[in-house]
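S.K.: Turn these sequences into a full structure, and let the hints guide you.
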Amino acid sequence: MIQRQRNSQPSSPILRPTLPIDLASQSQRQRILDAMIESCAEKTYPATTISDIVSRAHISRTTFYKHFGDKRACFDAAIDFCIAELQGVAAASHSPDDTPGEAARMAATAVVEALAARPGLAQMLAGDAMAVDPAVIERYRKATVPALEALWSGDGRAQAHTDPRLAFGQAQVLILNQIATGRSNRLPELLPEIVYLTVSPFGGHDEALRQSRLAAKTEIGGVASR
Amino acid sequence: MSDNPEDLRQWRLPRGRHGLPRELVERSQRERLLAAVVRVTATNGYESTTVGDILGEAGVGRETFYELFDDKLDCMLAAHKILIDALEEQVRAAYSEQGPWPERVRKALAVTLEWFAADPQAARFTLVELSTVGPAFRAIFQSEYARFTRLLDEGLGDDGPDPELSRATGLAVGAIMARIYEEVVLGKAAELPRLLPGLTYELLVPFVGEEVARAEQRRAGG
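Protein chains in written order, with my numbering: chain S, 2 to 227; chain V, 166 to 387.
In short, the hints are calculated from the structure, not lab data.
We treat Cβ as the ideally placed atom computed from N, Cα and C, and that holds for glycine.
Some hints here could point you the wrong way.
Unchecked claim - With a straight-line Cα cutoff of 30 Å, these simulated DSSO-like cross-link-like pairs (lysine-lysine) come out:
| # | chain 1 | residue 1 | chain 2 | residue 2 |
| --- | --- | --- | --- | --- |
| 1 | V | LYS272 | V | LYS353 |
| 2 | S | LYS143 | S | LYS72 |
| 3 | V | LYS353 | V | LYS246 |
| 4 | S | LYS44 | V | LYS272 |
| 5 | S | LYS143 | V | LYS353 |
| 6 | V | LYS237 | V | LYS353 |
| 7 | S | LYS44 | S | LYS67 |
| 8 | V | LYS246 | S | LYS44 |
| 9 | S | LYS72 | S | LYS44 |
| 10 | S | LYS72 | S | LYS218 |
| 11 | V | LYS237 | S | LYS72 |
| 12 | V | LYS272 | V | LYS246 |
Said to hold, decoys possible - Where chain V lies over chain S, by a calculated footprint (3+ residues, C-beta under 8 Å):
| # | stretch |
| --- | --- |
| 13 | 123–132 |
| 14 | 173–185 |
| 15 | 190–197 |
| 16 | 200–213 |
Said to hold, decoys possible - Among chain V residues calculated to face chain S with C-beta under 7 Å, some are:
| # | residue |
| --- | --- |
| 17 | SER296 |
| 18 | GLN307 |
| 19 | TYR310 |
| 20 | ARG312 |
| 21 | ASP327 |
| 22 | LEU330 |
| 23 | VAL350 |
| 24 | VAL370 |
M.R.: This is the structure we're talking about:
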């Protein structure tokens with residue numbers, strides 16, 4: 002019988018696999034994170050068990066522990082994933098030609114729409130995450146405040162009119178309330194206020210109102226066209 | 166037993182035949198349990214607090230506890246309601262005084278900050294520990310938010326401004342909740358009154374614009 006030889010020579014570049022070598026593992030990890038988010042949305046973090054995650058993600062317990070040390074580590078990774086997703090959505094929503102106020106309005110609109118499309122994620126970020134670890138606010142801020150400030154600091158240092166951290170807290174309370182009253186699918190209704198809060202810290206009250214009016218029009222237009 | 170007047174067990178009624186009416190006895194037990202649940206959960210956290218801890222702090226027996234409350238959460242919610250009712254009453258009193266609307270807002274805000282600063286344990290209990298009780302928290306959060314937003318709305322009255330943002334009062338209440346929550350989490354509840362000038366400005370600006378808000382901020386000492 003002819004022994005089949007394993008050849009370690011590189012194959013033709015055209016035929017080289019293009020998918021990541023750890024594709025299966027990455028997809029498992031993502032399924033676990035998604036399962037964590039959805040389970041927290043449905044029954045909160047304290048009530049979520051590893052068994053819930055394992056069955057939702059269709060993986061084995063062993064696989065879960067290959068990716069995460071424990072439930073909390075998985076939760077933290079889920080939060081990081083959500084933050085990174087929203088950062089990406091915000092960054093892709095505007096171009097360098099936009100004025101700071103416009104850019105901030107577009108970023109806020111894109112983030113709110115992303116949250117509305119995935120209420121479980123909104124619920125976890127605004128509610129559970131805070132209860133599990135209040136320090137998570139710091140992580141949110143690091144992801145948002147410097148990016149906002151950078152929009153206004155094109156020509157020198159951005160001057161703060163109001164405390165951006167406060168605006169952030171206000172937006173969070175609004176969102177949490179919308180979720181608590183079972184209206185997470187109607188988060189875009191909050192756009193005028195969320196845009197106001199996004200613009201006002203560095204853009205000031207007047208510019209914030211202007212952008213908020215624009216957002217209100219967009220929202221009505223968006224609903225009408227549906 | 167200690168002579169410390171802070172020790173709730175000092176309020177225990179004498180054993181045996183004291184001839185006190187049953188209502189008084191129950192009231193004493195109930196009050197001690199409510200004070201105890203705030204103290205114990207603010208110190209140990211909701212998760213690690215047991216009914217036994219509350220009983221020990223209050224000097225009340227287990228059977229009595231279950232005659233008065235269904236469980237730990239029920240006891241907690243009863244204490245929460247009493248605390249927030251008291252806060253609302255004080256805020257309402259300050260807010261309904263005579264004077265221009267921005268001034269009434271500043272006074273109501275001052276009362277709120279002082280209320281939380283005066284009792285850091287109650288602050289921690291009502292804001293932080295309550296948010297860890299699970300799904301029941303969402304309903305409580307929603308109802309407290311609605312009630313203080315309504316209070317601010319009602320007081321807008323005839324002389325109050327007509328804000329352009331339709332949820333301006335909700336934003337104002339959100340600002341206060343978020344700011345107080347943060348200080349309390351950091352263990353700095355006692356320093357809350359220092360935030361009065363800045364918070365006065367931020368709360369008023371969506372309603373009255375920068376100039377009027379700035380003027381009221383200066384009256385608050387900023």
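S.K.: Run every hint past the structure and note whether it holds.
M.R.: Structure-based check of each hint:
1. A distance of roughly 21 Å separates the Cα atoms of V/LYS272 and V/LYS353; the hinted pair therefore holds under the 30 Å criterion.
2. Between the alpha carbons of S/LYS143 and S/LYS72 the distance comes to roughly 24 Å, so the proposed pair stays at or under 30 Å and holds.
3. Proximity of V/LYS353 to V/LYS246 is assessed by CA-CA distance (about 23 Å); at most 30 Å being required, the pair is judged to hold.
4. Note on S/LYS44 and V/LYS272: the hinted pairing is violated, with a Cα-Cα distance of about 40 Å set against a maximum of 30 Å.
5. Under the criterion of a C-alpha separation no larger than 30 Å, the hint pairing S/LYS143 with V/LYS353 is consistent with the structure, at around 22 Å.
6. A threshold of 30 Å between alpha carbons decides the hint, and for V/LYS237 with V/LYS353 the separation of about 27 Å falls inside it, so the pair holds.
7. For the given pair, S/LYS44 sits about 25 Å from S/LYS67 by alpha-carbon distance, which is consistent with the 30 Å threshold.
8. For the suggested pair V/LYS246 and S/LYS44, the alpha carbons sit about 24 Å apart, so the restraint of at most 30 Å is met.
9. Proximity of S/LYS72 to S/LYS44 is assessed by CA-CA distance (about 15 Å); at most 30 Å being required, the pair is judged to hold.
10. Pair hint S/LYS72 plus S/LYS218 does not hold up; C-alpha atoms about 43 Å apart against a cutoff of 30 Å.
11. As the CA atoms of V/LYS237 and S/LYS72 are separated by approximately 25 Å, the hinted pair is consistent with the 30 Å bound.
12. Pair hint V/LYS272 plus V/LYS246 holds up; C-alpha atoms about 23 Å apart against a cutoff of 30 Å.
13. Here's how the stretch 123–132 of chain S fares: 3 of its residues keep a CB closer than 8 Å to some CB of chain V, so the rule of at least three is met and the hint holds.
14. For the stretch 173–185 of chain S, the assignment as covered by chain V holds, since 8 residues bring a beta-carbon within under 8 Å of that chain's beta-carbons and 3 suffice.
15. Figure legend: the stretch 190–197 of chain S, annotated as covered by chain V; annotation consistent (4 residues with Cβ-Cβ distances under 8 Å, at least 3 required).
16. Under the rule that three or more residues need a Cβ within less than 8 Å of chain V, the assignment of the stretch 200–213 of chain S holds, with 6 such residues.
17. Using the Cβ-Cβ criterion of 7 Å, the hint placing V/SER296 at the interface with chain S is satisfied: the shortest such distance is roughly 5 Å.
18. For V/GLN307, the shortest C-beta to C-beta distance to chain S is roughly 4 Å, which falls under 7 Å, so the interface hint holds.
19. With its C-beta approaching chain S no nearer than about 5 Å, V/TYR310 sits inside the 7 Å limit, and its interface hint holds.
20. Hint status for V/ARG312 relative to chain S: violated, with the closest Cβ pair at about 12 Å, above 7 Å.
21. Taking 7 Å as the C-beta contact cut-off toward chain S, the hint placing V/ASP327 at the interface is violated, the least distance being around 14 Å.
22. Given hint, V/LEU330 at the interface with chain S, holds; its Cβ is 6 Å from that chain's nearest Cβ, closer than 7 Å.
23. Taking 7 Å as the C-beta cut-off, the interface hint given for V/VAL350 holds, the closest approach to chain S being about 4 Å.
24. Interface hint status for V/VAL370: upheld, as the beta-carbon distance to the closest one in chain S is roughly 5 Å, under 7 Å.
Going through the hint list in order, the structure does not satisfy hints 4, 10, 20 and 21.
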